[in-house]
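This is what each chain is made of:
There are 2 protein chains.
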Amino acid sequence: MSTLRPALLTDHYELTMVSAALRDGTADRRCVFEVFSRRLPSGRRYGVVAGTARLIELIRNFRFDEAEVDFLLRRGVVDEPAAAWLRDYRFTGDIDGYAEGELFFPNSPVLTVSGTFAECVVLETLVLSVLNHDSAVAAAAARMVTAARGRTLIEMGSRRAHEGAAVAAARAAYLAGFGFTSNLEAGRRYGIPTAGTAAHAFTLLHDDERTAFASQVATLGKDTTLLVDTYDISQGIRNAIAVAGTDLRAVRIDSGDLAVIAQQSRELLDSLGATETKIIVSGDLDEYAIAALAAEPVDMYGAGTAVVTGSGAPTVGLVYKLVEVDGRPVVKRSEHKATIGGRKIAVRRHKPTGTATEEIIVPQGVPDRQPNDRLLQRSYVVGGEAAELPTLEESREHLRQCLISIPWEGLKLSAGDPAIPVTVVPAA
Amino acid sequence: MSTLRPALLTDHYELTMVSAALRDGTADRRCVFEVFSRRLPSGRRYGVVAGTARLIELIRNFRFDEAEVDFLLRRGVVDEPAAAWLRDYRFTGDIDGYAEGELFFPNSPVLTVSGTFAECVVLETLVLSVLNHDSAVAAAAARMVTAARGRTLIEMGSRRAHEGAAVAAARAAYLAGFGFTSNLEAGRRYGIPTAGTAAHAFTLLHDDERTAFASQVATLGKDTTLLVDTYDISQGIRNAIAVAGTDLRAVRIDSGDLAVIAQQSRELLDSLGATETKIIVSGDLDEYAIAALAAEPVDMYGAGTAVVTGSGAPTVGLVYKLVEVDGRPVVKRSEHKATIGGRKIAVRRHKPTGTATEEIIVPQGVPDRQPNDRLLQRSYVVGGEAAELPTLEESREHLRQCLISIPWEGLKLSAGDPAIPVTVVPAA
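As they're listed, the protein sequences go chains A and B. Read in order, the letters of the first sequence correspond to residues 2 to 429 in our numbering. Read in order, the letters of the second sequence correspond to residues 2 to 429 in our numbering.
Chain A with its partners taken away, still in its complex shape (with noise of 0.2 Å):
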């Protein structure tokens, strides 16, 4: 499977800073660059780290080659001795973090990266596309996960994204919680168990409904899922269980008042005898939708848009800021953007029973260690080189601990504080 050459993914500015700090030498000072978010977006209570595999592999494929390179000489954005630094970029500096599937806050410093100011400074752009989109996607699956209390969701949003985004939003879904993806290529690169059977289309190609579901019975078995609301539903039922009998794995439902339709074909199907037979439902589901149909009779939620869009915040707001230089902390000192220099340590503080209580962030210090205080970084890379990275199922332990381990008025979908204090410690 080829990807996107990340070099150019980069925007025009990294590159005339490579080539006016090579010329000034500036360029191989020691920098430290650090992303966080200055706040949550709108009303929620926690972010979800997401993306960091995706980006590491990226980075170690950050190369920019002859055809790059002439671009960027022939469009004047860098230099002769630029295009010469870049025709022998690699990446050998470090870079620490939090952990995939890590809950984060304003404030926390979710990735650094340390190496000489050229060789950090280019890995900006590419560095927030990554974070910024799947972060977004994963906390806004979180909270379907929290919302469909224990029941499968399936992540079916490709075609409300970037086609390439649709990709990495399948991966942030599962990192998330969700149980399966209709992406093929998330199924393949990631091994994302992939679910689907017949649209509509599927239907109204065949002469009737009972032939368009007896033709998917036949080539998928009876372990399918037949959907139900072409034309009348009540008879669509009835027509799914007629043609594959009682022991019909599933239905699915995509359209009307999902709460009255899932009690209605509840009942239904249990009058047929196919009690065993499970309701999907799907059609614009979000968090508050799929919320309020906790006490209905579904037993699986398909949700598309507003996964892949971030429901409602389809970026996080990371940024990626120079906040240290040859060992001296440097602040941005503009209004209403303000930074704190200084690399950063963080651990998040938690009760002898588990419950996180705090977040510890000390700048160019160590924190002073509790007892039940965690360490909130690891190291990706050290030296230009990529440890060992969690899986992506292990990552999906992570966060599914992480979320246990917070006060539960911090998963409230209801507009809220952050779900843990971030407190920034001067180093002692």
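Hint data in this document are derived by calculation from the structure and do not stem from the laboratory. Treat the hints with caution; some may be incorrect.
Which copy is meant is left open, because identical chains are indistinguishable; a pair holds if it fits in one copy or across any two.
Claimed, not checked - No farther apart than 25 Å at their CA atoms in a straight line, the calculated lysine to any residue pairs in the SDA-like style are these:
no.	residue 1	residue 2
1	K352	P408
2	K223	V367
3	K352	R61
4	K223	R75
5	K279	G77
6	K352	Q402
7	K223	A84
8	K279	P368
9	K279	T225
10	K413	L221
Let chain A serve as the given structure and place chain B on it in line with the hints.
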């Protein structure tokens, strides 16, 4: 430049439907699928078709290689007959649709894909991914262009979008009238002018602001933009002019109350003799923020998050529905999601002055043409062969003309009805 192989950017159910349809003999029925939206995103008065040329190129490369087919067999998505069919797949049907850059409204038949059921159904996800994403960005960008009233816009939102989506977003923003993008890959792939100079990190890297400015001017010349808000904006402007002289091209301000700061900055620049130095503002600008700066001395806007995320509407709700089988119109009848059967022809009706008054859609027939009607569909693919596509510049000009043609109320940023009504007229 390698791009994603498109064949698996597809939903699981499309291939299970192919399996079943091949087995029951319906796979070769002649079908017409139509792309349309049931409604515009909340508050919007028009949609903008974007991504069509990108899509046609992806469809041209839509083939299943051996590794992809193996994956599908191993996962049980397809059976052997379907696998054999996929190995030979290439689209041999027809694709008609609105021009890229055309406006659309609820029920506009934006794209029509015809061929056998199986060859058309597998394109559903890819078609919708591309058009939903690119059209969302283009519509937001077009509103910003209107709000900017002739001032130049720079797209700088790559960091707030998936890394692949960012490239397509830059293209869609340029289509809509933006003048530049920060995204280098968009510059290379689509020939879009790129722009950018320096981030706050560049100033922070240096020992002081003047040194940073001097370095930038030494490398990029005076025809550059100095970012003056790292510390104190007034002092930043004084430093900029002290270093570059009064023929500095531009200063950029990325924070604070931009209306007030633009005025103060203009006065200060003028008082320093830099009357020709431009002011570029950026920082969470959307169409409303841009409109609010109309009276201020701003020369150029940088827009990021809002444009790449569709400014509140990250997808435009285009769907891909089967409307005709073997010449018969077909319709889904379930509530709220009814479709209009049959292949449709669309024209836009205009006053003699050129102002659009109505869109006329005729299912299974040809509109009764009036003198100022414009046929909205063109042919993209005939018998699997793609026609020559308009250039991006041509599509950009097409949109510009379309926006001139709609009634002025249609350009208002406030919520309202679609700019022109869409009338579905039964064939004579």
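Hint check results:
no.: 1; hint: K352 / P408; result: within (11 Å within a copy, 63 Å between copies)
no.: 2; hint: K223 / V367; result: neither (59 Å within a copy, 45 Å between copies)
no.: 3; hint: K352 / R61; result: neither (39 Å within a copy, 58 Å between copies)
no.: 4; hint: K223 / R75; result: between (61 Å within a copy, 20 Å between copies)
no.: 5; hint: K279 / G77; result: between (61 Å within a copy, 21 Å between copies)
no.: 6; hint: K352 / Q402; result: within (15 Å within a copy, 64 Å between copies)
no.: 7; hint: K223 / A84; result: between (61 Å within a copy, 22 Å between copies)
no.: 8; hint: K279 / P368; result: neither (51 Å within a copy, 47 Å between copies)
no.: 9; hint: K279 / T225; result: within (10 Å within a copy, 63 Å between copies)
no.: 10; hint: K413 / L221; result: neither (40 Å within a copy, 51 Å between copies)
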